[in-house]
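Position chain Y against the provided structure of chain E, taking the given hints into account.
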Amino acid sequence: MTTLIQQLLEEQQDLTAVDRFSQLHAAGDLPAQQKYYSRLLPASPPAAGQQYAFNVDLDKCSGCKACVTACHNLNGLDENEAWRDVGLLIGGTPELPIMQHVTTACHHCVDPACACACPVDAYEKNPVTGIVKHLDDQCFGCQYCTLACPYDVPKYNADKGIVRKCDMCSDRLADGEAPACVQACPHEAIAIQVVDVARSVAEVPGRPLVPSSPSSDFTVPTTTYSGGPPLSADLTAADLSHLSPQHAHWPLIIMLILTQLSVGMFAVGLLVGLTPSDDAPQMPAMATAAALVQGSLPAGGSGFTNPLSTAVSLSPAAVHSAVALLLGLLALGSSTCHLGRPQYAFRAIIGLKHSWLSREIVVFGAFSGAAVTYTGLTWLDIAPPWLVTASGVATVITGLAGVACSVMIYVFTRRQFWNLSSTSARFLLTCPVLGVAGSWLTLTTFAAIAQHEDTRALATTCGPWFATTLIIATLLKAFSEFRIFRHLQEPEPTQLKRSALLMTTLLRPVTMLRFTSGLAGGILLPIMAVLAPATAPVQVMLFSLLFVSCFAGESAERFLFFTAVSPDRMPGGLQS
Amino acid sequence: MILSSLLHQKEGRLTHELLLEPGGFGLGRVPLRVRPEATTAMVCGYCSTGCSLNVHLKNGEAVNLTPKTESPVNLGMACPKGWEALSVLDAADRATTPLLRHADGQLRPTSWETALDEFTMRFKAIQKQHGKHSVAFLGTGQLPNEELAFLGALSKFGMGLRHGDGNTRQCMATAVVAYKQAFGFDAPPYTYQDFEESDVIVLVGSNICIAHPIMWERVMRNPHAPEIVVVDPRTTETAMQATQHLAIAPKSDQTLLYGIANLLIQNGWIDHDYITRHTRDFHDFSDFVRQFPVERVVAESGIPAEDLHRLVDTIHQGKRVSFWWTMGVNQSHQGVRTAQAIINLALMTGNMGRPGTGANSITGQCNAMGSRLYGNTTSLLGGHDFTNADHRQKIADALNISAAQIPDQNSWAYHEIIEGIQRDQIKGLWVVCTNPAHSWINQGQCREILERLDFLVVQDMYHSTDTARMADLVLPAAGWGEKEGTFISSERRINVIKKVRRAPGEALSDFNIFRLIAQRWGCGRMFREWTSPEAVFQILKRCSAGQPCDIAGIDDYRMIDEADGIQWPLVSGPAAPERRLFEDGRYFHADGRARFLFEVPRPLTEPATHDYPFLLLTGRGTAAQWHTQTRTQNSAVLRKLYPQQVFVEVNPDDAANLGISDHETVRILSRRGAIRARAVVTNAIRRGQVFIPMHYVETNLLTDAVFDPYSGQPSYKSCAVRIARINKCCPGC
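Going down the list, the protein sequences come from chains E and Y.
Taken in order, the first sequence gives residues 1 to 576; the numbers are from the working numbering.
Taken in order, the second sequence gives residues 1001 to 1733; the numbers are from the working numbering.
Here chain E stands alone, though its shape is the one from the complex:
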């Protein structure tokens, strides 16, 4: 028995097909499938003013989805990767129900948003074929294109740290072979055609590719859908009611919040006139740092006289700017965590002409330079006050420019939830909210630890101003964000209604946190802080709580910014 088992186990591992059959299949080099797909390819390549495009005959698409698996297998993609998707439109009338499958891939747009958004020029639109090709080795994995493309085409491959996408099998096309999906559709629903670019542009206004899909006027997609139910038919995407929170992008949340906090603190520092010339307790920086860590300072606070320390003064301005700088640098560090291949971050400079992300990276680079200079000057006390102030102003200006770039990154995507007014309200108002909260906490803590009366006085004097600013900014922000809930009344599941629904259902706990924590830190606690004088330790605790509340509120706001966005998309399949 054992011998037979052993024999059969060995026999099972012995592959026989090659020896027994393969020589029968040694056919020629020409693609056999050509006899079917040749009629699905254009007779001649594009002339000037033309490009290649997909044509989908909806009457022939039966929803088998062979195109998706063929794309996966014929292109050697990773385990769950495919560059074609098949969605479903449902609707019609009780008498004439409609169920229309829609196969979709890259639309090789006339004006591709992916290419415009890419900070490293990892997209090339071929001047002859019009094919939008992604340069995998150039990509550094920022994933901005995945947000910019309204059709959800570029897909991030986390294992490789880059995005990949459909290139219409350009190598195949160049050889007269059909793309994988065209070869594989049993019903010949997908074809390659040559289109006039001017015509694609002319057909655009107000017309989506298929019902439910994004408006074509953003990128001018070249795919044409022929046949099928008319666009006017009452059709909706099968996944329209399927609300699913989008990716949170935590490194971006942290980066945005902290850059805005940092810029805000620098601005507050300048506005309250924090300069190194303040009558600061002079003490060696290292000892103070150690003391700060230990939470106590020797009596008198300024009892040290060390010859080395004469040029290094630890003023409230120095501490304040150091905190702002540290948070700013942390933000920029965090942003690199979002990159699939951070070692190529330097490439971001080449997209400056067109990419808001590129601009953001460069401008925040300048901001960090200015901030380091300003902070250094506040520490070293070697520069004239005007120079310090000037570097402070430069810091704030570059910082605000950076925040503006951040705003534009999202506005560019034309997602309604990320429109100009609401995104700027969010990003710009985070500067005063967290700038004030952070400054207030820093000054109070410094005063308490250093037992520095002038700083305490400054904090107290500025108190009402701080509180007013914080409350106004918080209210403006909350008002701006709260307006989303108006859309709950809309009959149709518009983009903004879907966002509002997400915020009130699946994301409800975060929404609650955003408003309770934000309002507590931005309204309740500042009023308490101004109205109820307290001892130094209590103040430190109070302002810590205020800061944490504001920070939690803003983080929740930013989390919702990313997760509750619900752009129009190509129709997806049934979801459950």
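In short, the hints are calculated from the structure, not lab data.
Listed below are the simulated EDC-like cross-link pairs for lysine to aspartate or glutamate, each with C-alpha atoms no more than 16 Å apart in a straight line:
hint, chain 1, residue 1, chain 2, residue 2
1, Y, 1640, E, 152
2, Y, 1319, Y, 1196
3, E, 133, Y, 1011
4, Y, 1128, Y, 1424
5, Y, 1124, Y, 1454
6, Y, 1010, E, 124
7, Y, 1640, E, 78
Below, chain Y alone, put in the same frame as chain E:
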């Protein structure tokens, strides 16, 4: 230069990963990483279409595949399951060693020696205590002919079992009985070319766009602008493509078909010559269908009279009318007579035996027909009869065994075996390559019944199937692509599967498992000629000699391979690539005539009531899902193509009445069980009906165990259910 490529790098390692290079072998460009050194074609192992897949080999092992262009079946195309056929072989839940349930209730790996000892000793002990017939087996339509024959012969001739059936009972039994009674043999008459040659294609209970996408390919290539008629309560993908969709009330198809026959006769639109020369009992049928005037058909089916007249006119006008049916007919409490009502239409209009005609059953599984012919379950090997002494002697001679070793009684059908377990008459069960704990009707009850067994052996590729998880012993099987054999497709085409992958761990082909069991059981001598699948193929030729399915003309696997599959029968000579049956009008009954068979339609077994006001339809969900998903769920790409959780289609009016919104999770209750599912609100389903795909394990908790009286096939597609919103304040209710 270096600096500029550092700043803007157009090529490199990542670009290389996706490089396409000419693959040779007629393939066009393929991924460089998996460029083949050789290719070989084999038939797909999912559905009965029988697509030929060109497997790309590197170091003798499959690395990729593409559908075979030259195949007369699929013309270079495949559905998603076919494209992904290799990837499901690498799954983490493959069974790699035998697993034995220990006293603590855990399944643990064990050796083949122990597994075979347990198998033999436990089953023999049960047989000793409860009688030889107290052990039964449940087989499949997914194994090749040679393995099915081995299973049937080993169990019935070697181990002394009488009862064994296959999961083909769940899909094809109705068509088998319908054909046997009407034509004298289980003989689907068509070839796929008929899809391209018809000018009228009538599809009854068949969503072939989803269930058989490559057959739909052939319809789409029909150059005659055919009229496409779909009879189906739902607006399926296929109904969307139809020129006439008759959305009949569930299970009113038999009445509709009789009504059509009546109108054809009334109008004189029948082929008297064909009826006279080639059929029997037409006059009785003609009298019978007078009971089905238009008014009755309209009332019972819900189809407007003008639609009925239009269809009758279409059939009359058609020069080459083909009728096709699938599970909508087969899975019914009156499926056999409904299928025969379709056959009657083809016979009376003379739409038989000519290109583009036929009464054509579209089979389900890749080797459903093989399981019918060679499974040794309902019929004795080669389509013979267990109760016929001559047949027993013929098979005994073909196998070189004594006729006394062949049971002289028929096996119980699947549902009788399940009931036998319930009555404690069956105490041991051997389940091979099927998943009753998911797929059998009224699943809750089925699982309770399976729990009663003293010993349950499951032989499967995956240790994770619902049934394997209940087993006392799991035997790890090699799958499609890891072994050899032959399948028979819907159009009677025999094609080969080949060994292009190494089975994981100690998994063995089912064929080799049967060899081991025969040896260990002590009946090895009986199977000394059964050394390889191809050797058994020669035995099967002897078993089919003189039958309608005679394949004496097929020399060996190589001949099948060179011909891209060969349709039965082939007694001698070369095989034409596409052949249909009954071209001479001679049927397989002794008198050569086909029969008109009919019966008064039976009422719905569980009509909608006040408490359970909806009829539940079940069926295939997407082309990317296969049956209980033990294989298809193991492909990450296929998983992208269908909803992961169960859903229920509800009509907008019903949804509005119940206050259900699209995508809301609702509760569906039948008299047997309750499940939760996401509501998909769509006009595709009519008022008073709901639809749930069969691939989700929950679905059969609702279905009602009723069967066609002639075929024993379960009626999966109509039972009464209720829909309820989930009360948010008390999630339990």
